[in-house]
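*Asks:* Chain by chain, the residues run as shown.
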Amino acid sequence: MTGIGMLSVEDQMAIESHLKDFLVKSESQWAALVDRGGNLFAENGDIGQVDLMIMCALAAGSFAATKELAKRLGESEFTALYHEGAHMSILMTSLHFDCLLITVFTDKTNIGLVRFYAQQTAATLNESLKSASESAANAEPLQVDSELSGETNIIS
Amino acid sequence: MAFINYSKREIQLKIVYYGCALCGKTTNLVKLHSGINSTQKGELVSLATDADRTLFFDFLSLNTQTLPGFDTRFQLYTVPGQPVYNTTRQLVLKGVDGIVFVVDSHWDKMEENVESFANLQENLIENHLSMAQIPYVLQYNKRDIENPAPLHYLEFTFNNRATRALTFEASAYNGEGVLETLNGVARLLLAKYSKSAGGKAGGAGKPAA
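Chains as they are written, first to last, in my numbering: chain A, 1 to 156; chain B, 1001 to 1209.
Isolated chain A, as found in the complex:
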């Protein structure tokens, strides 16, 4: 099981606020909270025309792929993963509840600054995730009125 099952409107607003604050301090371009399964929980900033779902799936996959490498070194997993480009770079930071903080930044800032604030933000997001997880555990299961039947074509 990965991540948390749901985010209330309040939890979402709190997390987005943390991400926004992080972007300002670290001078990064875009930040997102995703789970290890590739689900996008919350995001803030501007990354242009990139498909966010693909971005999250690839980032989660990339992070997961390093786990075996970490094991070979006697680590259960790496706590952060950094890919450096000529102009754009990405930092992935491990969070509790099987989640990740993904940060995309340009060469206008630097990895030291981004990593410093990412660690601070990770602690804050972990608190938010703990609160969201407790809310999710106590929430009623989602049930909506729909005409779904054995013949319904959901995708066409």
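What follows is a list of derived Cβ distance ranges for each label pair: (1) A:Glu147 with B:Val1114: 36 to 42 Å; (2) A:Glu134 with B:Ala1051: 47 to 53 Å; (3) A:Val144 with B:Gly1175: 29 to 35 Å; (4) B:Gln1133 with A:Glu10: 28 to 34 Å.
Every beta carbon over 10 Å from chain A, so not counted as near; a handful from chain B, in silico: (5) Val1030; (6) Ser1034; (7) Ala1051; (8) Asp1108; (9) Lys1109; (10) Ala1118; (11) Asn1119; (12) Glu1122; (13) Glu1146; (14) Pro1150; (15) Ala1162; (16) Ser1171; (17) Glu1176.
Keeping only pairs whose Cα atoms sit at most 30 Å apart, straight-line, the calculated DSSO-like set for lysine-lysine is: (18) A:Lys20 with B:Lys1041; (19) A:Lys20 with A:Lys130; (20) B:Lys1195 with B:Lys1008; (21) B:Lys1008 with A:Lys20.
Think of the hints as simulated: they come from the structure by calculation, not from any bench. Everything numeric in this text was worked out from a predicted model, so none of it was measured. Beta carbons: idealized from backbone N, C-alpha and C, even for Gly.
Use these hints to put chain B onto chain A, whose structure you have.
*Replies:* This is chain B only, laid out in the frame that chain A set:
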């Protein structure tokens, strides 16, 4: 694990296409991507080798509005079928909500099919899951080949359980049966959120034989 975002009124569900090497998992996603019109679809991403063998996974995101008041985003993944990539299969299964197990109808692929089915169950256990927990459907693919394994044989081999899974005949290469398969597993996943379905919107699969 399904994720419900109340702020964006969105449900995200992860479906994994599983099966032995060259059984047609990637072909399913390619045909879905080219054939789907009305559903909002993303780009098809393939992490493959130069020879078009899946190295990590293929990924396709589809957005529908089946449940009133909520967007439903289906995230479709394939796994690499080659035995050597087992760790990768375990990683892709993380957070899975539904599974399409693709069976190759060639007689000489039966042993690989069976090994892959057993491997799926082992890898679910590695992810603290089981076939009893995760909704899944069976797709009997390559029904267009000459002398395919008969359906009653496939049913006996892969669907001989107290609770039988929905099955779909397909020729993914020709685009036949791929949409029906996806709709079958999607109905199973959405049934738990629908009052009218009461968790039993299985669907129009073909319990073969």
